[in-house]
Amino acid sequence: MLNEVKILCKNDFADLGREKIINEEKYKSGFYLVLEGVDFAGKSTVAKELVSRLQNIYGVDTVIHKREPSNTNYGKKMRDALFSKEMTLEKEVLAAQYMLLDRVENTSEVSQLLRENKIIVQERNFLTALVYNEAKDTKEVQFVQEANRLSLKPDCLALLTISDEMLLYRLEKAKEERDSLDSYETYEKVIKRKRDYLSFDEYIDVLLPNNNKECFEVSMNTLMKIVAENFKGEK
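For the sequence shown, this note's numbering assigns the number 172 to the initial residue and increments by one for each residue that follows.
FRET-style restraints, in silico, Cβ to Cβ:
no.	residue 1	residue 2	range
1	Ser-223	Lys-344	23 to 29 Å
2	Gly-404	Thr-243	25 to 31 Å
3	Lys-363	Glu-287	37 to 43 Å
4	Tyr-340	Glu-388	16 to 22 Å
5	Ile-228	Thr-259	45 to 51 Å
6	Leu-339	Ser-215	16 to 22 Å
7	Glu-343	Ser-200	41 to 47 Å
8	Asp-350	Gln-283	40 to 46 Å
9	Ser-200	Lys-247	28 to 34 Å
Simulated from the structure, these hints should not be mistaken for lab results.
The beta carbon of each residue, even a glycine, is placed where N, CA and C say it ideally should be.
Using the sequences plus the hints, can you model the full thing?
Below is the structure:
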């Protein structure tokens with residue numbers, strides 16, 4: 172599908188109106204946009220700015236910012252398991268199970284918001300579960316991943332990408348600011364996940380390089396255009 176995907180940055184900002192970026196799964200109302208990408212790709216920064224700009228147009232009650240995993244209930248339990256200093260196979264399986272349960276709760280909330288004709292900007296979704304879990308060879312995780320494949324799909328999934336050099340820079344900067352990194356945030360692991368994301372190209376609607384401020388603005392304009400062309404609500 173990558174030959175159908177427009178890679179956008181600098182002078183490569185093309186008219187997306189002619190691109191097929193919306194899944195065949197259509198909703199009667201609302202618009203569901205998911206931002207994916209490895210750690211340090213800038214998802215939260217992009218999501219917060221996008222939500223702010225969209226709310227200025229459509230209103231704060233219409234544009235909803237969501238995250239997966241959440242910071243409550245199953246999402247918190249998943250983080251507690253995943254952020255352990257020493258990861259074991261059992262903890263990987265447990266984290267995958269909690270992530271799926273968190274997704275079930277989130278899917279119910281998202282479905283209701285879509286019926287209310289809301290714009291949802293969400294950080295991470297099912298693709299994270301397919302890429303991140305390191306216990307993929309176990310039957311338990313294979314079942315969880317298959318369930319994730321069947322979960323609610325967004326209208327548009329945008330993958331934020333950064334160069335290997337920028338990834339290393341941001342990782343080292345985070346290490347200096349936080350004194351240490353979590354066990355899953357090593358350069359080798361993040362680089363591997365960066366490659367793994369592209370192996371699921373059938374789920375990716377648009378690639379957005381996010382190496383600098385110029386690319387950031389291009390990504391922002393692209394996402395704003397996508398919402399404007401596909402959301403049927405009122406401004």
